Amino acid sequence: DAGVTQTPRHEVAEKGQTIILKCEPVSGHNDLFWYRQTKIQGLELLSYFRSKSLMEDGGAFKDRFKAEMLNSSFSTLKIQPTEPKDSAVYLCASSVGGNQDTQYFGPGTRLLVL
Amino acid sequence: GEKVEQHESTLSVREGDSAVINCTYTDTASSYFPWYKQEAGKSLHFVIDIRSNVDRKQSQRLTVLLDKKAKRFSLHITATQPEDSAIYFCAARNSAGNKLTFGIGTRVLVRP
Numbered sequence: 001d002a003g004v005t006q007t008p009r010h011e012v013a014e015k016g017q018t019i020i021l022k023c024e025p026v027s028g029h030n031d032l033f034w035y036r037q038t039k040i041q042g043l044e045l046l047s048y049f050r051s052k053s054l055m056e057d058g059g060a061f062k063d064r065f066k067a068e069m070l071n072s073s074f075s076t077l078k079i080q081p082t083e084p085k086d087s088a089v090y091l092c093a094s095s096v097g098g099n100q101d102t103q104y105f106g107p108g109t110r111l112l113v114l
Numbered sequence: 115g116e117k118v119e120q121h122e123s124t125l126s127v128r129e130g131d132s133a134v135i136n137c138t139y140t141d142t143a144s145s146y147f148p149w150y151k152q153e154a155g156k157s158l159h160f161v162i163d164i165r166s167n168v169d170r171k172q173s174q175r176l177t178v179l180l181d182k183k184a185k186r187f188s189l190h191i192t193a194t195q196p197e198d199s200a201i202y203f204c205a206a207r208n209s210a211g212n213k214l215t216f217g218i219g220t221r222v223l224v225r226p
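Residue numbers (the numbering used here), protein chains in the order written: chain E, 1 to 114; chain W, 115 to 226.
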């Protein structure tokens, strides 16, 4: 079984650019999560989808971050415009949902904004 | 909202000894507590979890203890091996949804 896949694995952007990160959850999983990981803040939830419906759109991240789930097997995270403070690892995770809570994480996208 | 505090930022143990990582949470409604491991340069992967209907769970060399009164849970690794070296994250989830709140992580180093 394929796990969670994320592309690209690395991204370098200039300040002000728009970048789009992609995620494919585990097949059959109903819940999808986007996290940002930094050394100082740790793991912060950006967005949470259940059966393609947006359940949580992390408050502090709303203005420049937009996650979408166009179908059950694909999600994108758009950052527009990027700022140097957005440099971090962006992780996508999925879970079956309901009482099956275990989240399976993708390899992440390491973003550097210059 | 929920806050999860992970008390040890780093832990250095000798190979074969035990390691203990402690976490506390704030939301009394939290009922699910997973632990994740992140090895150098890799993503997180699930290692063990505990639900609030039990106070202890063991899987091979890993044991999780839960003290609901103190809102505290801990991960015990016995007979540590070099491959246990990693960052360990605790997390908590309440029954209202599937959102996890993570601790900041504990770096465990197993010395030969």
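I should point out that these hints are in silico values taken from the structure, not numbers from a laboratory.
In this text the structure is predicted, and so the values were computed from the model without any measurement.
Note that CB positions come from ideal geometry on N, CA and C, so glycine has one too.
Hints may contain errors.
To spell it out: a stretch of chain E is covered by chain W in this simulated footprint if at least three of its residues, at any positions, have a beta carbon under 8 Å from a beta carbon of chain W; those stretches are [unchecked claim]:
1) 45–59
2) 67–75
A few chain W residues that face chain E, going by a derived Cβ cut-off under 7 Å, partial list only [what the hints assert, rightly or not]:
3) T142
4) S145
5) Y146
6) V161
7) F216
8) I218
Evaluated hints:
1. 45–59: holds (count 5)
2. 67–75: violated (count 0)
3. T142: Since the shortest Cβ distance to chain E is 18 Å, the answer is violated.
4. S145: violated, 10 Å
5. Y146: Interface hint status for Y146 of chain W: holds (5 Å vs cutoff 7 Å).
6. V161: violated, 10 Å
7. F216: Hint holds; F216 of chain W Cβ to chain E Cβ min 4 Å, cut 7 Å.
8. I218: OK, holds: I218 of chain W within 7 Å of chain E, min 4 Å.
Hint compliance for this structure: hints 2, 3, 4 and 6 are not met, and every other hint is.
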